[in-house]
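J.: Based on the hints, put chain V in the right spot on chain C.
Protein chains: 2
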Amino acid sequence: MWRNEKYETVPLDVKGIDEDNSKGTTDSLYPQAALRKAQQGNERPKDPKLWPYFQDGLRRIDYVLTYHVQKPQSTRKQSAKSCLCFKFRREQSSPPVHEDPELAAQEQRLDYHEDDQRLRREEFEENLREMGLEMEREEGNKIPGVGFLKIHAPWEVLCREAEFMKLKMPTFKVFVLVNMFVQKVTATLQPKVGENRVENEKYLSYPFSREKQHLFDLSDRNSFFDSKTRSSIVSTNPFRKAFCLPSQGQFKTKCHLSPDLITKGPDVILILSLQILCEEWASYSIFYKYQPIGLIRKYFGEKVGLYFAWLGVYTQMLIPAAIVGVIVFLYGCVTVEDNIPSMEVCDERNNITMCPICDRVCSYWKLVTACGTARASHLFDNAATVFFAIFMALWEICALILHFCFNSLHTHPQNVKLTCRDRMPAYMTIIVMMVFLICVTLAIVFGVVLYRVSIMTALHMSSTPSFRTNIRATVKTTAAIINLIIIIIMDEVYGAIARWLTIMEVPKTDKSFEERLIFKTFILKFANAFTPIVYLAFFRGRIIGRPGKYIYVMGSYRMEECAHAGCLMELCIQLCITMLGKQLIQNNLFEIGVPKLKKMLRQRKIDKKHQEELDKTLHRHEKDHFLGPFVGLNPEYMEMIIQFGMVTLFVASFPLAPLFALLNNIIEIRLDAKKFVTELRRPIAVRAKDIGIWYTLLRGLSKVAVIVNAFVISFTSDFIPRLVYQYMYSPDGTLHGFVNHTLSYFNVSHFQPGTEPTESMHLGYKVEVCRYKDYRDPPWSDTPYEFSRQFWAILAARLAFVIVFQNVVMLMSDFVDWLIPDIPKDISIQIHNERNLIVELFMKQEQGKKYRNTIGDPSPQPLRSRPSSQA
Amino acid sequence: MWRNEKYETVPLDVKGIDEDNSKGTTDSLYPQAALRKAQQGNERPKDPKLWPYFQDGLRRIDYVLTYHVQKPQSTRKQSAKSCLCFKFRREQSSPPVHEDPELAAQEQRLDYHEDDQRLRREEFEENLREMGLEMEREEGNKIPGVGFLKIHAPWEVLCREAEFMKLKMPTFKVFVLVNMFVQKVTATLQPKVGENRVENEKYLSYPFSREKQHLFDLSDRNSFFDSKTRSSIVSTNPFRKAFCLPSQGQFKTKCHLSPDLITKGPDVILILSLQILCEEWASYSIFYKYQPIGLIRKYFGEKVGLYFAWLGVYTQMLIPAAIVGVIVFLYGCVTVEDNIPSMEVCDERNNITMCPICDRVCSYWKLVTACGTARASHLFDNAATVFFAIFMALWEICALILHFCFNSLHTHPQNVKLTCRDRMPAYMTIIVMMVFLICVTLAIVFGVVLYRVSIMTALHMSSTPSFRTNIRATVKTTAAIINLIIIIIMDEVYGAIARWLTIMEVPKTDKSFEERLIFKTFILKFANAFTPIVYLAFFRGRIIGRPGKYIYVMGSYRMEECAHAGCLMELCIQLCITMLGKQLIQNNLFEIGVPKLKKMLRQRKIDKKHQEELDKTLHRHEKDHFLGPFVGLNPEYMEMIIQFGMVTLFVASFPLAPLFALLNNIIEIRLDAKKFVTELRRPIAVRAKDIGIWYTLLRGLSKVAVIVNAFVISFTSDFIPRLVYQYMYSPDGTLHGFVNHTLSYFNVSHFQPGTEPTESMHLGYKVEVCRYKDYRDPPWSDTPYEFSRQFWAILAARLAFVIVFQNVVMLMSDFVDWLIPDIPKDISIQIHNERNLIVELFMKQEQGKKYRNTIGDPSPQPLRSRPSSQA
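Top to bottom, those sequences are chains C and V. Per the working numbering, residue 1 is the first one in the first sequence, and the count goes up by one each step. Per the working numbering, residue 1001 is the first one in the second sequence, and the count goes up by one each step.
Calculated directly from the structure, the hints in this document are not laboratory data. Mixed in with the good hints there might be a few duds.
[Stated by the list, open to error] Short derived list, chain V residues pointing at chain C, Cβ under 8 Å:
(1) Phe-1164
(2) Glu-1211
(3) Ile-1707
(4) Arg-1789
(5) Leu-1795
(6) Ala-1796
(7) Ala-1800
(8) Val-1802
(9) Ile-1803
(10) Asn-1807
(11) Val-1839
Cβ atoms here follow ideal geometry from the backbone N, Cα and C, with glycine treated the same way.
Chain C on its own, in the form it takes in the complex (with noise of 0.2 Å):
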């Protein structure tokens, strides 16, 4: 009796899989077998032209390979044109790899290379052969030169790999509660997709395994497992093994196949989902909605799927910056004509003579000329600006925490690290070329630096007053473009040293290569984009020296000063013109403009005769062959991190910077959508847990960020000398007098021997005492020229608020981690309820299965209704 019942437990389902296969290896022999199989697995013979099957049209294919057959007339009779079909037969299958070499030493010595790439493609097949993968080889048929290798995965093989793979599978329905309210609300912000209407009910998942296939509804196999899944479990493990264990360790990180996925849309199916995907998705007209991401990551698998999500949430995460951000712009508007200090600079009785600021050719000029900066400065430097500041540091953690936080809900422990210690020389070799890069990188920064102070002499040279008082704009302005430019060319050029030096290194895994190229990319594209910000936050205007003592660079040129209200203005600029510069170029030259330019150039290679008449005729596979292939998601990934670098680091400087990311980001969605809709080929589905290393990324400047923005207040900004001089100097507690107290007064006699200005009656009155901006000690005091205890009450103070803040964002950043779980509340609940479920679900069989082993009774209550295949 009990016999009967075992028969009951066991999965059945594999013993009928194996007995069709082992009948399946010989379809020739036995069509009805094969007819047999065919309408078990709900599917009826398909007509061999349809596209994805094999010839015989009843083994779907999961993956396609090309290769390039450049002798198309080859002697070998092998390698004919007609299709070739591998089936599983590992112990008839002689190999190919003995009778080579003599075959191969007859021909040319131009044959040399394509027959050693034969050979490794031959072994290649034939691993995939001992992993139960079944092939049909297609050359040159239609577009001459290309070969294709059509892989079909059998119901076996993709059993066993999903049970390796722990892949999750669905098992029964559940209801779930949706808040029909927040349904309706968000309705219009829904991409029409038909998935997400009414989702109330869901599978629960569970990891895939052959002994517990009475879980899963395998009714009909075809579509149990997807065409991701498929070309996914096709892809990954036999591939990595195929590559991997003949080659030794040595060609991993380059695969000789080449093999370019061209699946995109394989079936009906997902044909219907890439119509869907171009209307909802891929479209700037549904710029406000939300991206289908169930359906993004159904086509294109988990890592591209990924990577949407978290570019959607992270925009999504902008808006609030970006409202607050122009909240405290507009503050700045209207508080201008309440901000004493520059009301006191552009205030004419404050009769100022400030010293000239450059040798000889300069003169003395009025403070109230500078009016208009000071105004404008205030908009970036006032008090809300700190405010900003620290808004953005913890809208930073919470970024990280809430929504960035795809790499804690797995359970995988992080190892994104990268060690040193595996190869000490070629890591010194590569240590010493990044320094070198950098030392690149800070030349090039003095380079516009000495563009700027020389043209700014050149300018001051000519004598039109109209013109000059335009000089510090233009000149600002053009260096900012200067450097934009240097910038987005070396940053092509840093790209591609990376690439090299990661090359040089031999990284033992594609995973490894994939952390160190990124590593080193963004250590070099960083430094190259930041390096003339860090420049104008924090040195331009410090090292100066002071009149009659000024420090001089390359023989004559003194050192750029800043304008009177400090350097904040510049770098407000400096980071507007790099953001929007680099977005837009980067944006609209690279990425629409370069691919279109290499489909182009792909498609000119056929004859231009043939091909309307092959677009007709072409399978989608051969269409496809003409697309871009994918390169992987980093270069959108490092553009983004970059964008974050702009948007977080000097946020104190510049409060608009999250404005132009969320609408640069807005674009930036769809035209990658399109992108990857049309211009490229379908990647491989990659199983993706997190965004990897760079969440590890993102984290660091986070830290960075903390300790930049602390310093850009305290350094860059003049908010904390007006607090000390509100609280320790000035006489009515208010800001008056606070633009004469920054001002120190040197005696013009003290100038150096031809360094004082020629035309010095410019202003028309003898000039005896000028006003610098420093604190030292005046001309007529027992220590002239010194650091006036200001000076140190000052530095003090601005050192005290740098740690002040440091320790107080740390403080609150780690506060709101502990504030917010790292699994949100309702995401907790229904893993936990989903486990109860499970468990209980495999509870009732436990008690199934004893009550009709203690009582006897036939009639077991099954769970889910069974196909009855057994029959």
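T.: Chain V alone, transformed into the frame defined by chain C:
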């Protein structure tokens, strides 16, 4: 044919058990079946008197619960003294809950409590029975008033729960390469346990699953799950469910049955283990040896094992820290003669007159009298201190990463978070309470300060000169001892308060209860232990005002000054006394004394005359009833974490702290071991993946330590002023003149009336200008007694040092973090290899199966010889 194979591939053993069990439920009816089962299980029927078995001598006791029977002469027959055997007979057991209310109503009011208890007990037992456990009750047999509930888990239940818990069980042996050289070198350090002699083979583990039973060696079912695993299987899941389901979330944190586990040594093997543990672990004479962690883990379960492993590693990590600390201290000793500032203080020729340190009764004094303190200060405040602080910061990181990474080896996301959303009102109460308690601590510290001030003044009034010189040392030491006593008393008080507050919160789960309790206790105990030290380090001597304008508290008490060379010396004394005293007193009194006392009290309840007689006849579990219950590891962890705080937070001021900690821990390990082996009942073997919230607290502490050390070095020690003097003000680049530079001038005519010293001629000459330690302008400047330029410059330098130190240490920490892989390379390779082996095994099985299917070979090659149990 394939039906036979089916039979092969499916783990038949499950069936076998099912069958056995279905009969096992009616043991008394079929003694044959019971016998057969016993034989099958490699087990002879045991003497019913032999302890670890039920009365039938067959079923092993896996778990014992005790409860109080206050009325052994209970009127109800159901709770009779004879043993009632419950079987798995769910459908037959009539729910006793329905009967009870009627019976209870008949009884007197006094009985109500016991009835309620019994009612709950029966509900509980019913739940256990539903889980499939079997029980035997034994009431007041030998020890009056105590009932025992013995629990046995049948094989089927064990298997089911093991599968749900995904317990990793050994599958088959593999060879492991062991470095024999290392083995030989460390041989003397290894405990003689027998298990780590020649450990070059080990078992591969795989999560237990009934469907993969063929992987495991089930030849001896009795020993497949060891006693620790059995008891943990019994205790964890069913207990939780049994407790939680009926009581609907209200009683989760308090177990009404108080299921104290008394299973010390339930079988022979374990009694042997206990002996080995006694000899090779719980003994002071082998303090230099490694602990037998494997055995501890086997005997006490993972959680306890993890604690001792952690403690051992932490102690080991202390060795380098202690060595470097001693070297730094010795460096101070050696260089004390070359130290210019202390030489200057001790130089009689520098005739410096200091201002009085208290009002009226104190007089002017010569700086040379502070010679002793100046020299002593140098021991702790020298150039090596900064190096040591940086070293210790990195040491912390290494400790956290390298060895405290018990957390990161495991794949579970850390959900040790305490979220604060659930109950806002309760939280508010608690926060208010906590703030109040911390205020109490502050008040106590302030009280001690007042004590010190008043005693000091009082002592100064007595005019014995020889007595006066010892005043400072006496006051310091007595104050520190008073502090210590208060700390120890308040420690216990706060522990109780924290527990009470947590109970008020009504957390939802045991885990949450524990975490909240730990968190609160930590905050309170930490504040308690560190407030006096923080006061000494950062506030003492800083808020005193200046001569002529002192700050007074409580009417007329002047705030304390530091000794001439800074407060570092006093901080050092305080730390030393707190650490030594706390460790010695708490270890001796609370960890040894109190448990012994409790044991004595417990044994006194039994009549003395019976005792000796009982000692002979009592079973193991009855004897263990007199041992103390296991109250969790939290006090042990708490003690260690406070010590970790002492070692890391103020290490800059007390380089010998690691040495003291090391000595303490060497004793602590053996002390705890003794306690676990001889004083406490055997705890439930709890599976633990990590040290949980303690790791979070340690991480937090190490973060705080960085900033605290930065402040100690820059503000408490004279390191920065010395540096600033040497590089900014010193005429010859040495420290000559430093002491003079740190002292400001005070014109004695500026004393507030009534505060000038009464004995102004004490030194033998009339003092016109006295000196005090501060950076202020002299009386003859334009701004008398204002903070001087030097003050601000030094303040800026101090703050800059804090920023630099904090960020450099953080950067280095991240770098070290990056350098050291989370998982050591050899272990990650081993994990990888093991995974490969398992995959290979599965692949072989696949192919074997397929081979048989396709070819029809009836003789499969099993991977391991399995006992032919289905005969």
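J.: Could you run down the list of hints and mark each one as holding or not?
T.: We went through each hint and held it up to the structure:
no.: 1; hint: Phe-1164; in the structure: holds, 7 Å
no.: 2; hint: Glu-1211; in the structure: holds, 4 Å
no.: 3; hint: Ile-1707; in the structure: holds, 6 Å
no.: 4; hint: Arg-1789; in the structure: holds, 5 Å
no.: 5; hint: Leu-1795; in the structure: holds, 4 Å
no.: 6; hint: Ala-1796; in the structure: holds, 4 Å
no.: 7; hint: Ala-1800; in the structure: holds, 5 Å
no.: 8; hint: Val-1802; in the structure: holds, 6 Å
no.: 9; hint: Ile-1803; in the structure: holds, 6 Å
no.: 10; hint: Asn-1807; in the structure: holds, 6 Å
no.: 11; hint: Val-1839; in the structure: holds, 7 Å
The earlier numbered hints are all upheld by this structure, with none contradicted.
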